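Engineer: So the protein sequences, as listed, match chains A and E. Residues in the first sequence are numbered consecutively from 5, following my numbering. Residues in the second sequence are numbered consecutively from 37, following my numbering.
The hints are simulated quantities; they were obtained by calculation from the structure and are not laboratory data. This structure is a prediction, so every number in the text was calculated from the model and none was measured. Here a beta-carbon is modelled for each residue, glycine too, at the ideal position from N, C-alpha and C. There's no promise every hint is true.
[To be verified] Heads up, simulated EDC-like pairs for lysine to aspartate or glutamate below, C-alpha to C-alpha not over 20 Å straight-line:
1) Lys17/A to Asp276/E
2) Lys63/E to Asp301/E
3) Lys190/E to Asp173/E
4) Lys295/E to Glu154/A
5) Lys297/E to Glu20/A
6) Lys190/E to Glu225/E
[Claimed, not checked] Incomplete in silico selection of chain A near chain E, CB under 7 Å:
7) Leu15
8) Thr18
9) Asp90
10) Gly113
11) Ile117
12) Ala222
13) Lys227
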Amino acid sequence: MDDKSKETPVLRKTFENELQQLKDEILLLGSMVEQSILESVEALKKRDIPAAERILELDKKVNAKRYAIENQVMIVIATQQPMAHDLRLLASIMEINGELERMGDYAKGIATINIRMGEQALLKPLIDIPRMAQKGVDMLHRALTAFINEDVEAARLIPAEDDEVDALYNQVYRELITLIIQDPTSIERANWLLWAAHNLERVADRVTNICERTIFIATGKIKDIRSSDDEAQKLKNSP
Amino acid sequence: MTHTIEKIKTQRIKVSEKLVYVLETKKLNIYYDDFRAISEVNMKIERNKVTAIIGPSGCGKSTLLRSFNRMNELVQGSRISGEVLFHGQNLYAPDVDPVEVRHRIGMVFQKPNPFPKSIYENIAWGARVHGFKGNMDELVEYSLRQAALWEEVKDILDHSGLALSGGQQQRLCIARALAVQPEVILMDEPASALDPISTLHIEDLIRELSNHYTILIVTHNMQQAARVSDFTAFFNMNGDRSGYLVEYDNTNQLFTMPKNKLTEDYITGRFG
Ligand SMILES: Nc1ncnc2c1ncn2[C@@H]1O[C@H](COP(=O)(O)OP(=O)(O)OP(=O)(O)O)[C@@H](O)[C@H]1O
Ligand SMILES: [Mg+2]
């Protein structure tokens, strides 16, 4: 007998593999969503309609993957009867899966704005909107890493960074309102951009939900870190 | 229907309607000769609830269960220290009659064990022994109804209990236990010898019975514990193979967010 065979055997190897596979799939879905957020903004910045159309195609893949993951989670629940930590992990994967898909929808929304704008030029060059996208994606990436590693400390810290995204959003908002006041005919073009910024602001909110799930896996408590639907609060902060 | 059935016997152990906890152990140790099978168990069993006992094989679940109605005394060399309280009174006090204890706290075993008699007699016999003087037909029907077996056997009451299916036999044994009108029913893996459908029947029955009885169930099936019980107690063995209580909590809590790492490992199937 070699030393290895004396170690405690890994019990439920199949189950462990299935859980690992689901985590991998979530990471993959996450990177698809990160890509579509960044590219949708890049395409808007460059007014690149074919690139925007590619985002719509990518979104279909995001949706398909979301349903594949959902299906796999249900199979694992049905066949492995998870309890305790395993159960919380699977419930969280289900939830994060949905959050990611909706984040993908925001990217799709930005691509759609781009396509709808047609021949119209951008009201102004995009500076803060790409920053919002960058920041949101960065938060998302770290939130998913924290989720995979069950790093509760990181998961508790990331949501506070939402303030930076909110600050950028408020800046974009003020700037666009100023432009509208100066030239009321710019209202439609300003509105396109406002919608794009709004979508990115929502991405960061949903990152918070992912962090809440990471904390839930470890503690069993769903803590509302900060209300992600606090639209009223957002409006109050706006000028 | 209970009102039609006369009280079987004057009971010496007083029932306290106010007590939430029907049974309680205090520093309970159970030995087989020198071997301590159960150590220092303190637990309270809530009235009209289902309490599940889970844990690895040999951790003393059956031993503990039997101590709740003094069945362990029938085993040579078995003794206890500490207390088992029933309605706040020590079940092992010298003036307590073990026969009355087993009448008030009934037991259903892993393997259905009907008597080799008619279905009717399976129910009537125990009640008669315990001095039941009322309408026996009524008692038989009442017990079989409570055990969700009446509809299936009402026309064959004179058939042998052994001619029933395993699941039906187990419900007959439950009916037999109910016929003496106990307050507590102890069940040791009552469904482990049954097919999945019969198992679900028994589980539904346990939920139903918990409206009127306090039920303790030992089960190796974690999903079953999760499905039927209100509270779950997880037992493990020490290095000396003596069983001890690791965690005892309401079932929802224990299966979703156990506090102890050992419980977590056990219920998630990663027990080394
Ligand atoms: N009659 C007996 N005489 C001596 N030792 C016994 C007796 N009955 C049980 N034991 C010992 O007491 C310990 C607990 O046994 P018990 O049957 O209560 O375990 P259990 O948890 O019900 O196990 P299982 O899940 O396999 O039914 C075991 O080590 C067992 O060998
Ligand atoms: Mg046993």
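Engineer: Now look at each hint and say whether the structure bears it out.
Structural biologist: Verification of the hints:
1. Lys17/A to Asp276/E: 29 Å, violated
2. Lys63/E to Asp301/E: Violated - the C-alpha atoms of Asp301/E and Lys63/E are around 26 Å apart, more than 20 Å.
3. Lys190/E to Asp173/E: Holds. Lys190/E to Asp173/E sits at ~11 Å (cutoff 20 Å).
4. Lys295/E to Glu154/A: 18 Å, holds
5. Lys297/E to Glu20/A: Given pair Lys297/E, Glu20/A holds - Cα atoms ~18 Å apart, limit 20 Å.
6. Lys190/E to Glu225/E: Violated, at about 27 Å.
7. Leu15: With a minimum Cβ separation of about 5 Å from chain E (threshold 7 Å), the hint on Leu15/A holds.
8. Thr18: With Cβ-Cβ at 11 Å, over 7 Å, it is violated.
9. Asp90: It holds, given that the least Cβ distance between Asp90/A and chain E is near 5 Å, below 7 Å.
10. Gly113: 36 Å, violated
11. Ile117: Violated, about 43 Å.
12. Ala222: Status violated, d = 10 Å.
13. Lys227: 14 Å, violated
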